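Peer 1: Sequences listed follow chains B and F, in order.
Each residue of the first sequence is one higher than the last, beginning at 0 in numbering that gives the first Met the number 0.
Each residue of the second sequence is one higher than the last, beginning at 0 in numbering that gives the first Met the number 0.
These aren't lab readings, by the way, just hints derived from the structure by calculation.
No experiment lies behind these values; they were computed from the predicted model shown.
Just so it is clear, CB atoms sit at the ideal spot from N, CA and C, and this is done for glycine as well.
A hint or two may mislead.
[As the list claims (entries may be wrong)] So the derived label-pair ranges between C-beta atoms look like this:
id	chain 1	residue 1	chain 2	residue 2	range
1	B	Pro100	F	Glu119	16 to 24 Å
2	F	Pro16	B	Leu3	37 to 45 Å
3	B	Leu26	F	Pro16	50 to 58 Å
4	F	Met72	B	Gly102	21 to 29 Å
5	B	Gly108	F	Glu119	34 to 42 Å
6	F	Lys84	B	Thr95	34 to 42 Å
7	B	Glu73	F	Thr47	43 to 51 Å
8	B	Arg50	F	Lys84	33 to 41 Å
9	F	Pro16	B	Tyr54	17 to 25 Å
10	B	Pro68	F	Thr95	49 to 57 Å
11	F	Ala58	B	Thr93	18 to 26 Å
12	B	Pro68	F	Pro16	39 to 47 Å
Now for the letters of each chain:
There are 2 protein chains.
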Amino acid sequence: MRNLISLLREVGLQPTPQRLAVAQYVLATTSHPTADEVFEKARKKCPTLSRATVYNTLARLSEKGLVRPQTIMEGVVVFDAYMEKHHHFIDEDTGTIHDVPWGDLVVSGAENLREYEIREYQVVMRGRRRSG
Amino acid sequence: MRNLISLLREVGLQPTPQRLAVAQYVLATTSHPTADEVFEKARKKCPTLSRATVYNTLARLSEKGLVRPQTIMEGVVVFDAYMEKHHHFIDEDTGTIHDVPWGDLVVSGAENLREYEIREYQVVMRGRRRSG
DNA sequence: GTTCGTGCAAACGGTTTGCAACAAT
DNA sequence: ATTGTTGCAAACCGTTTGCACGAAC
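All chains should be built: construct the whole structure from the sequences, respecting the hints.
Peer 2: Have a look at this one:
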């Protein structure tokens with residue numbers, strides 16, 4: 000899409016077909032994909048895409064603030080394009096990660112932790128998604 | 000120590016020299032060591048110790064509820080023997096993880112997240128430790 | 001023509017597994 | 001005898017790196 004091309008140009012990245020395929024997928028999904036999931040999905044749009052380019056592109060998107068790597072799952076980094084502050088709920092049955100809007104939870108008491116200069120924080124919840 | 004031997008027996012683990020060395024270190028430290036750090040330290044007490052046994056022992060200590068693996072750092076699992084509920088602060092300068100007592104923070108609003116059955120949660124904070 | 005981006009394959013680091021030897025029950 | 005535990009080495013998996021080719025400026 001024209002928008003994506005402009006977006007990449009704005010942040011100083013050449014809009015190659017590979018980067019477009021990666022960005023198109025990772026910026027649109029809310030599924031918190033791993034690098035390998037991005038690779039599988041984006042390769043459908045751009046079959047020549049290699050793993051190295053996926054890792055490379057995700058690193059640059061992250062540097063440019065378009066995506067945030069999250070280390071909340073065992074063994075893998077997942078990528079989150081929802082850039083506003085928010086919390087996470089991890090469904091232990093399925094491994095699915097859900098975004099929880101910032102305003103849904105209030106954390107109080109951090110002001111009293113004087114030994115720490117808190118740059119960011121989030122609540123990480125684990126459990127089951129309700130069936131109903 | 001006699002206590003450690005009884006403890007391992009109580010949870011149904013044979014108190015071998017290797018397990019004693021691993022348990023003695025990981026249950027006493029508050030430094031959130033990685034498996035490899037446990038290996039290095041415990042090997043001083045028990046030079047025949049292998050990496051496989053460290054991973055094996057940590058997995059069992061975890062099953063038995065004596066230790067909790069935490070996935071809050073990039074690329075590694077760290078082990079926490081502080082089993083009461085608590086939060087974590089990660090010093091981004093040093094990579095050090097600090098335990099934050101449960102009562103120091105209050106999280107409210109979780110009751111309203113009706114789609115989720117929350118089994119556990121913690122606040123994960125990142126920043127710098129204050130110099131003063 | 002110099003820089004940037006790519007694919008490939010090899011390397012890497014943390015973790016798991018298969019297996020044969022051995023100790024405990 | 002059966003089961004549990006160990007060390008070793010190989011396998012594994014996610015990620016990074018080196019490099020030579022090609023495209024963009």
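Peer 1: Quick check on a hinted range of 16 to 24 Å for proline 100(B) and glutamate 119(F), using CB atoms only.
Peer 2: holds, 20 Å
Peer 1: Can you tell me whether the CB distance of alanine 58(F) to threonine 93(B) sits inside 18 to 26 Å?
Peer 2: With Cβ atoms ~23 Å apart, the hint holds.
Peer 1: Return holds or violated for the Cβ distance of glutamate 73(B) and threonine 47(F) against the range 43 to 51 Å.
Peer 2: At 29 Å between Cβs, range violated.
Peer 1: For the range 17 to 25 Å, tell me whether the beta carbons of proline 16(F) and tyrosine 54(B) fit it or not.
Peer 2: Violated, since proline 16(F) and tyrosine 54(B) (Cβ atoms, about 42 Å apart) do not stay within the stated range.
Peer 1: Within 49 to 57 Å: is that where the Cβ-Cβ distance between proline 68(B) and threonine 95(F) falls?
Peer 2: 20 Å Cβ-Cβ, so the 49 to 57 Å window is violated.
Peer 1: Can the suggested window of 39 to 47 Å be confirmed for the beta-carbon pair proline 68(B) and proline 16(F)?
Peer 2: Distance hint for proline 68(B), proline 16(F) holds at roughly 41 Å.
Peer 1: Determine whether the Cβ-Cβ distance between lysine 84(F) and threonine 95(B) falls within the hinted range of 34 to 42 Å.
Peer 2: violated, 24 Å
Peer 1: Can the suggested window of 21 to 29 Å be confirmed for the beta-carbon pair methionine 72(F) and glycine 102(B)?
Peer 2: holds, 28 Å
Peer 1: Is the hinted range of 50 to 58 Å satisfied by the C-beta distance from leucine 26(B) to proline 16(F)?
Peer 2: holds, 54 Å
Peer 1: Check the following: the C-beta atoms of arginine 50(B) and lysine 84(F) are separated by a distance inside 33 to 41 Å.
Peer 2: At 39 Å between Cβs, range holds.
Peer 1: Hint says 34 to 42 Å; check whether the CB-CB distance for glycine 108(B) and glutamate 119(F) agrees.
Peer 2: violated, 18 Å
Peer 1: State, for the Cβ atoms of proline 16(F) and leucine 3(B), whether the hinted interval 37 to 45 Å holds or is violated.
Peer 2: Taking Cβ atoms as reference, proline 16(F) and leucine 3(B) lie about 60 Å apart, which means the hint is violated.
Hint violations for this structure: numbers 2, 5, 6, 7, 9 and 10, all remaining hints satisfied.
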